[in-house]
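Let the sequences and hints guide you as you build the complete structure.
These protein sequences, in sequence, are chains A and B. Using this note's numbering, the first residue of the first sequence is number 1, and each one after it goes up by one. Using this note's numbering, the first residue of the second sequence is number 1, and each one after it goes up by one.
What the hints contain is simulated information worked out from the structure, not anything from laboratory work. Be aware that one or more of the hints could be misleading.
[As the list claims (entries may be wrong)] According to the in silico footprint, chain B covers these stretches of chain A (three or more CB under 8 Å from chain B):
| # | region |
| --- | --- |
| 1 | 187-197 |
| 2 | 288-297 |
[What the hints assert, rightly or not] If you want a taste of the chain A side facing chain B, the calculated C-beta under 7 Å gives, among others:
| # | residue |
| --- | --- |
| 3 | Leu26 |
| 4 | Leu30 |
| 5 | Ala41 |
| 6 | Trp110 |
| 7 | Pro114 |
| 8 | Ile180 |
| 9 | Pro277 |
| 10 | Val280 |
| 11 | Val281 |
Glycine included, C-beta positions come from ideal geometry on N, C-alpha and C.
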Amino acid sequence: MTTTQVPAPTPVPSPAATGRTRRSWLRSPLGRLVLRRLRDAVIVQFLVVAVIFVIGYYVGDPVSAFASPEATEEQLAQLRRSLGLDQPFWVQFGRYLEDLARLDVGTSVWQQRPAMEAVWEVIGNTVLLAILGAVAATVFGVVGGVLAGTRPGSAVDKVINLISVLSLSVASFWIGLLLIIVFAVRLNMVPTSGWYEWRGLILPVATLGFIHGGRICQVTRSVVLDEMSKAYVLVARSRGLPYRRLVAGHVLRNVAATVLTTAGWEFARMFGGSIYPIEVVFAWPGLGPLMTTAAHRHDFPIVEAAVLITGALVILVNLAVDVASHLLDRRLRPE
Amino acid sequence: MDMDHRPRTRLLSLVTIGTLFLGTSACGGGGGSGSAGRQSGDLVVAVATEPSTLDPQLVNDRSSRIVTDNLFETLLVRDETSQIQPKLADKYERVDDTTWRFTLHPGVTFHDGSPFDADAVVFSIERIIDPDFDTQRTSYTEGIEGARKVDPRTVDILTDGKNPVLPAEMTSIPMVSPASAGQQSFGHEVIVGTGPYKFGTWQRGREISLVRNDAYWGEKASIAAFTVRVVPDAQTALSALQAGEVDLVFDLFPEQAKLAPQVKEIRASDFSYVAFNTHRKELSDPRVRQAMNLAVDKESLAETIYQGHATPNQAQHLAKGMLGFNASLSPFPYDPEQAKRLLAEAGYPNGFDIELHVPIGRYSKGEETADFVAAALGAVGVRAKVVKHDWNDYRELGRVKGTESGAFDLKYGWNSNEWFDAARIKSHITCKGASSKFCDPKVDELVKAGADTLDQAERQRDYADMWARLHENPYSIYLLQQNYIFGASQRLEWNPRPDDSYFVSTMRLTS
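If you want it as structure tokens, here you go:
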């Protein structure tokens, strides 16, 4: 980031000018980017699937867990044959992919119904919480980061810095429990847990926003600080451009791609693991409690379905972030 | 709701962020009256895990019992003092050594409208004892061979050999409707019993709701409806109780008890112990095992780690009122000097090294207790190293026979006596018992004598003698009788029961 010229407003090529068809859109830089990312996504998802299969293949013997302890060797072999477990690795893997194509990961031992169905039922709650949490984190991060970045060294900067360090260092469930004790038990303003009314969203969203906002805040502060030292800012200010318009109209636009990438990464990180303990603390009916209970009950199909779906979610979020960054910052556009 | 609340909320948030760290030191348990405590006339119970199914014949964990105990009923039931009383059966008698005859209460119907009769009893018994059915209630189906209809109101239950605990078993075999229990969705969408409550809805991951059965054959319940909420985190559950969102929380930690608006407590039929592998050389000498019993200060274990929510047991896995209880025994006194003398007498003046095995997160304060016991043993020279296992490893390794390598030399555990009868301990103390690492022919003899008669007075004498023998020749370090600790809202009136049953029809809500 060493460019010194004042960037001209970026002209967006109008659809009419290029006279695009669907085919040519795919050839456009954005189209090519999406295609390439989709290809990567498929590869990554395939790797996720393969890793899950390999773990399932090598860890534990389903037959010995399945059969009664008195079963003879012949009975075990018979069971193995009937389950197709005597087939070579690649045959089993192929069959596994075949089932997966039908979104079939098996029946949950715990809930006695297709595992995918159990995961599908709660995934919406997790996604909703994550989206709101990401919005809260971004608002906290951007507001804090801009306030701090435009006033380096001030008291405001120091306080915000302290809060963002706290956000990165304290345990998320502890913050959650603290918020419950203060706002639900002592002040009685919101429910402690569960999702029985809209106010049940407040504490989990606040907790997510707090623990994920810190990094966004720090990144925003640093890029804003960087941007503020550039020549165009000095020029614009010397020409009398109102400060607010400068920050909102130019500085923010130029840092948007970086901030968005960070926010997107935090969003993906929620599905990667951070949202689940918070769901457990707040008794939120999402993937967290489902996966925890499934793991306790050794219900592999549900854990597997959840891992597959969260893997897909992380990939999708990354894809969306790439596209959005591209739209926001033409420097990221592939040549 | 609470439109007038929002501006205040925003202002208060700003104020309270500043006082966040002061907030936690103020006094607790003030909840219940504020507007966010949404209590209605209905009872709300928090459970830590969602039941896997509500088929009562299949599962037996506490979070499903709070639901199924109220939907389903049994032929017999224990009263508050744990004595066996009639329920769906008006009376029962023994016809011969292997046949018990039950006369059913007339005019009882299932929630699906079908009659509760001899056919339903036969169906229910045959269903639960089927090995393919794979019930978790195996301790209640032991020794039952089948059931036979005599007439619509009379059923014979058949046992393989003499089964003195059959009446105890009948307090925990729920009766299900043949018309409904055959369906695939039974236990999930179709849940049909004869109880004082009917199934309402089950929102997966959130709550299960039940409503009063107004056509109930017995005395109707006072609480019109209740819901069971899933709250996985123990601290959150306590907070929900303090905030007045729930009325009953199971299994509080001892240190949480003082924060609950109301504590309900009962001495459970759970007895903690450290079992010996008497096949190990040092532990084969009864003097060493007596010494180890003398080395542990049970009183202070109960007072410190359990904060008074447990009591030293009378050197047996039974309490007063249970069959086979030996009232003349008392806990081993805390006497480290005598322990050292006994160890020296047995040839171990300098003690020995040993491992003490404990599961992680299974028993309330289990790991802390193991550390406590290890320190106490260390003080008399028995250097015990605490080894922690996850529950599945612990269970698997715990089954290794005492004579084989890798067997646990010292094993911490709880013995739950759901029969309220000394016969329950058999597998832990007989030479061939599945979990036993102890062998004493005299004990085996007394166990056999107690199992071989249907004369309860005779059984009481045999088992009391057995405990006396197990006092001279201890199979374990006898630790505590554990309490169940419940957190309750101020408005809940209820007395918990030692048999771990949860009858909402015996609960009342004031105000």
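Outcome of the hint check:
1. Requiring three or more residues with a Cβ within less than 8 Å of a Cβ of chain B, the coverage given for the region 187-197 of chain A holds, as 11 such residues are present.
2. For the region 288-297 of chain A, the stated coverage by chain B is satisfied: 6 residues place a CB nearer than 8 Å to a CB of that chain, which reaches the threshold of 3.
3. Because the beta carbon of Leu26 of chain A sits about 41 Å from the nearest beta carbon in chain B, more than 7 Å, this interface hint is broken.
4. A hinted interface residue such as Leu30 of chain A counts as satisfied when its beta carbon comes closer than 7 Å to some beta carbon of chain B; here the least separation is about 39 Å, so the hint is violated.
5. Against a cut-off of 7 Å between C-beta atoms, the interface hint on Ala41 of chain A is violated, since the closest Cβ of chain B lies about 29 Å away.
6. Below 7 Å, beta-carbon pairs count as interface contacts, and Trp110 of chain A has one with chain B at about 5 Å; its hint therefore holds.
7. Look at Pro114 of chain A: its Cβ only gets to about 13 Å from chain B, farther than 7 Å, so that hint breaks.
8. The closest approach between the C-beta of Ile180 of chain A and any C-beta of chain B is roughly 5 Å, which is under the 7 Å cut-off, so the hint is satisfied.
9. Annotation: Pro277 of chain A was flagged as interfacial toward chain B, and the flag is violated, the nearest CB pair being 9 Å apart, outside 7 Å.
10. Below 7 Å, beta-carbon pairs count as interface contacts, and Val280 of chain A has one with chain B at about 5 Å; its hint therefore holds.
11. Given hint, Val281 of chain A at the interface with chain B, holds; its Cβ is 5 Å from that chain's nearest Cβ, closer than 7 Å.
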